[in-house]
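**Student:** Residues per chain are reported as follows:
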Amino acid sequence: MGNTFAEKVLARKAGLESVVPGQIVTVRPDKLLTHDNTSAIAAKFREIGVAKVANPKMHVIVFDHVTPAANETYAISHKATRAFVAEQGIEAFYDIGEGICHQVLPEKGHAWPSAVIVGSDSHTPTHGAFGAFAAGIGRTEAAAVTATGSIWLRVPETLRIVLHGALPPRVSAKDVILRIIGDLRADGADYCSVEFAGEAIRAMSVAGRMVLCNMAAEMGAKNAVVEADETTLDWLVGRTSWDAETLRRWAAEFRADPDATYARVIEYNVSDLAPQVAKPHTVDNVVPVTEVVGTKIDQALIGTCTNGRLEDLEAAADILRGKHIAPGVRLLVLPASRETLLAAIERGVIADLVAAGATLLNPGCGPCLGAHEGCMAPGEVTISTANRNFKGRMGSKEAFTYLASPATVAASALAGVIADPREV
Amino acid sequence: MKNTITGRVWKYGDDINTDVIFPGKYTYSLTDPAEMAKHALEDLDPAFVTNVRPGDIIVAGKNWGCGSSREQAVVCLKEIGVGAIVARSFARIYFRNAINYALPIVTCDAVDSVESGEEITLDFTAGTVTTPRATYTFPPFPPEVMAILEAGGLIPYTQQALGVKSKE
Numbered sequence: 116m117g118n119t120f121a122e123k124v125l126a127r128k129a130g131l132e133s134v135v136p137g138q139i140v141t142v143r144p145d146k147l148l149t150h151d152n153t154s155a156i157a158a159k160f161r162e163i164g165v166a167k168v169a170n171p172k173m174h175v176i177v178f179d180h181v182t183p184a185a186n187e188t189y190a191i192s193h194k195a196t197r198a199f200v201a202e203q204g205i206e207a208f209y210d211i212g213e214g215i216c217h218q219v220l221p222e223k224g225h226a227w228p229s230a231v232i233v234g235s236d237s238h239t240p241t242h243g244a245f246g247a248f249a250a251g252i253g254r255t256e257a258a259a260v261t262a263t264g265s266i267w268l269r270v271p272e273t274l275r276i277v278l279h280g281a282l283p284p285r286v287s288a289k290d291v292i293l294r295i296i297g298d299l300r301a302d303g304a305d306y307c308s309v310e311f312a313g314e315a316i317r318a319m320s321v322a323g324r325m326v327l328c329n330m331a332a333e334m335g336a337k338n339a340v341v342e343a344d345e346t347t348l349d350w351l352v353g354r355t356s357w358d359a360e361t362l363r364r365w366a367a368e369f370r371a372d373p374d375a376t377y378a379r380v381i382e383y384n385v386s387d388l389a390p391q392v393a394k395p396h397t398v399d400n401v402v403p404v405t406e407v408v409g410t411k412i413d414q415a416l417i418g419t420c421t422n423g424r425l426e427d428l429e430a431a432a433d434i435l436r437g438k439h440i441a442p443g444v445r446l447l448v449l450p451a452s453r454e455t456l457l458a459a460i461e462r463g464v465i466a467d468l469v470a471a472g473a474t475l476l477n478p479g480c481g482p483c484l485g486a487h488e489g490c491m492a493p494g495e496v497t498i499s500t501a502n503r504n505f506k507g508r509m510g511s512k513e514a515f516t517y518l519a520s521p522a523t524v525a526a527s528a529l530a531g532v533i534a535d536p537r538e539v
Numbered sequence: 198m199k200n201t202i203t204g205r206v207w208k209y210g211d212d213i214n215t216d217v218i219f220p221g222k223y224t225y226s227l228t229d230p231a232e233m234a235k236h237a238l239e240d241l242d243p244a245f246v247t248n249v250r251p252g253d254i255i256v257a258g259k260n261w262g263c264g265s266s267r268e269q270a271v272v273c274l275k276e277i278g279v280g281a282i283v284a285r286s287f288a289r290i291y292f293r294n295a296i297n298y299a300l301p302i303v304t305c306d307a308v309d310s311v312e313s314g315e316e317i318t319l320d321f322t323a324g325t326v327t328t329p330r331a332t333y334t335f336p337p338f339p340p341e342v343m344a345i346l347e348a349g350g351l352i353p354y355t356q357q358a359l360g361v362k363s364k365e
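Listed in order, the protein sequences are those of chains A and B. Heads up: the first sequence is residues 116 to 539, going by the numbering used here. Heads up: the second sequence is residues 198 to 365, going by the numbering used here.
Chain A extracted, bound-state conformation (with noise of 0.2 Å):
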């Protein structure tokens, strides 16, 4: 009998010849990763009282949530990281600026075809868009990943997601997960690990997979996985130590096995699919845009660890150049990482951004989880790029957040309203 890629994985990091779903296996992580909150995992580290991290090198953190520092608990959480980082012998540490934790680990080659990687966010599934299987965790889980270097996990169920077809212009990755998460809703996917698969998929950007992995937290998903391709490799060579023969190797080796078994297989033909949009206040209260066309805004963002990304910020661009957004909006554009945003200067992307009224911030979270830069007042809408419209997710538990891709978020701040991208 065929395994499924969580099933391959996970027995080769517990050591053994085969597991199955609803077994518990002792597994050491490749990567743990965490952002700005290291500084209370390292709290919680020192309450275990043991001195050294088990393994510094498995260690990746990345400040990103709300950087810099918005005041001066924030500064003090920082510098507390920093001391952390420094005293544990950590290297790689990135500091503000760097990024958002899910574009910068994967840049700075952290993530491969295989690696298990776990986080202290909830979407850490991202990295499977590499072929990881990749898992988020909470805080004390995270302390106690650092103390022992090793962590439980039950070996998940699998949904396989099949895309058939080919996406129609300004239809994009986002639309097909807000779509399936539509179908599925939010707990479509509760601890089972979720394979994309498809000739949409093989088509697909390294960041629209991204964006695929990204999302399936939104259903419950433990992990997400795009199996490793050469669009991936093209992407990793050059940024992971491994080299192309092992990256080549491990991705056709941890492949899901044709006779795998799945808890459930769901075709799409995303060939006539259309701009997605969700509706305030759940991720699964999705439509087609068309439904929505002609709602006010008053703030529309790009960016976040779902759509930051240079490709991102070019649909936008096409959309919004030579043009100015519209009276009474505010346009908020946060690049994913400092490579992003240092490509989107080349390009000249950010020029046409700020050119036609857009706000540029620094690469990080920004107002996504409502900490700080963009927060909504009562009854204000923002149309977001972002991976949740919980209520009172971007400050007021009055104010109201729509979902979209980068193409209908740009073309609705240039409309006012919410706009259809394919009309514009």
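Since the hints were derived computationally from the structure, they do not count as laboratory data. On a predicted model such as this, the values are computed, not experimentally measured, just so you know. Just so you know, even glycine gets a beta-carbon here, dropped at the ideal spot from N, CA and C. Please note: incorrect hints may appear among the correct ones.
Label pairs and their in silico Cβ distance ranges [claimed, not checked]:
no., chain 1, residue 1, chain 2, residue 2, range
1, A, ARG197, B, GLY252, 38 to 46 Å
2, A, ASP433, B, PRO251, 53 to 61 Å
3, A, ALA367, B, PRO339, 32 to 40 Å
4, B, ASP229, A, LYS194, 48 to 56 Å
5, B, LYS199, A, ALA158, 25 to 33 Å
6, B, LYS199, A, ALA195, 29 to 37 Å
7, B, GLY252, A, GLU538, 53 to 61 Å
8, B, THR201, A, THR141, 25 to 33 Å
9, A, SER133, B, ALA331, 35 to 43 Å
Knowing the structure of chain A, use the given hints to seat chain B on it.
**Tutor:** Below, chain B alone, put in the same frame as chain A:
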């Protein structure tokens, strides 16, 4: 961990996310659990913080705790004295966070037969939840999970596993 818990119910619906259990704007500014407790369910049910009593039990629909990995969504409820959470299902990180904080967490359909203010009893030995109108069974925790709960959470469990003494 106690074998039985009886408490007054606060009943909520499906897909209650961690942003309404503990708002994101406080996640990096509040470090004291007592302060976290003051914001429990702030954007879901403002009456909760003022009226909750130690030992009360939250009963909810499916997918309780979806969204962020923020542990404060467990800590604020544990700190304010919530005795247990009973839901039709839990989001996986929330489930792990609750176990790691030794906050009893039970998966069953009790939400179907209880209202806010009524009492329910959880029996961990028998694996049952009894509401005024029905009794539900729930499967035992796997041994790995039970060991963490019995140790009083993941920190004491890890201390035992590594043979280090508690700093208390």
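**Student:** Please go over all the hints and tell whether each is borne out by the structure.
**Tutor:** Hint check results:
Take A:ARG197 and B:GLY252: their Cβ atoms lie about 42 Å apart, and the range 38 to 46 Å holds. Between A:ASP433 and B:PRO251 the CB atoms are about 58 Å apart, so this pair conforms to the stated range of 53 to 61 Å. Checked against the hint of 32 to 40 Å, the pair A:ALA367 and B:PRO339 passes, with Cβ atoms roughly 33 Å apart. The supplied range of 48 to 56 Å is broken by B:ASP229 and A:LYS194, whose beta-carbon atoms lie about 18 Å from each other.
One distance hint, 25 to 33 Å for the beta-carbon pair B:LYS199 and A:ALA158, holds here, with the actual separation near 28 Å. At about 36 Å, the CB distance of B:LYS199 to A:ALA195 agrees with the hint of 29 to 37 Å. For the pair B:GLY252 and A:GLU538, the beta carbons lie near 57 Å from each other, so the given range of 53 to 61 Å is met. The supplied range of 25 to 33 Å is met by B:THR201 and A:THR141, whose beta-carbon atoms lie about 31 Å from each other.
Separated by about 40 Å at the C-beta atoms, A:SER133 and B:ALA331 satisfy the suggested range of 35 to 43 Å.
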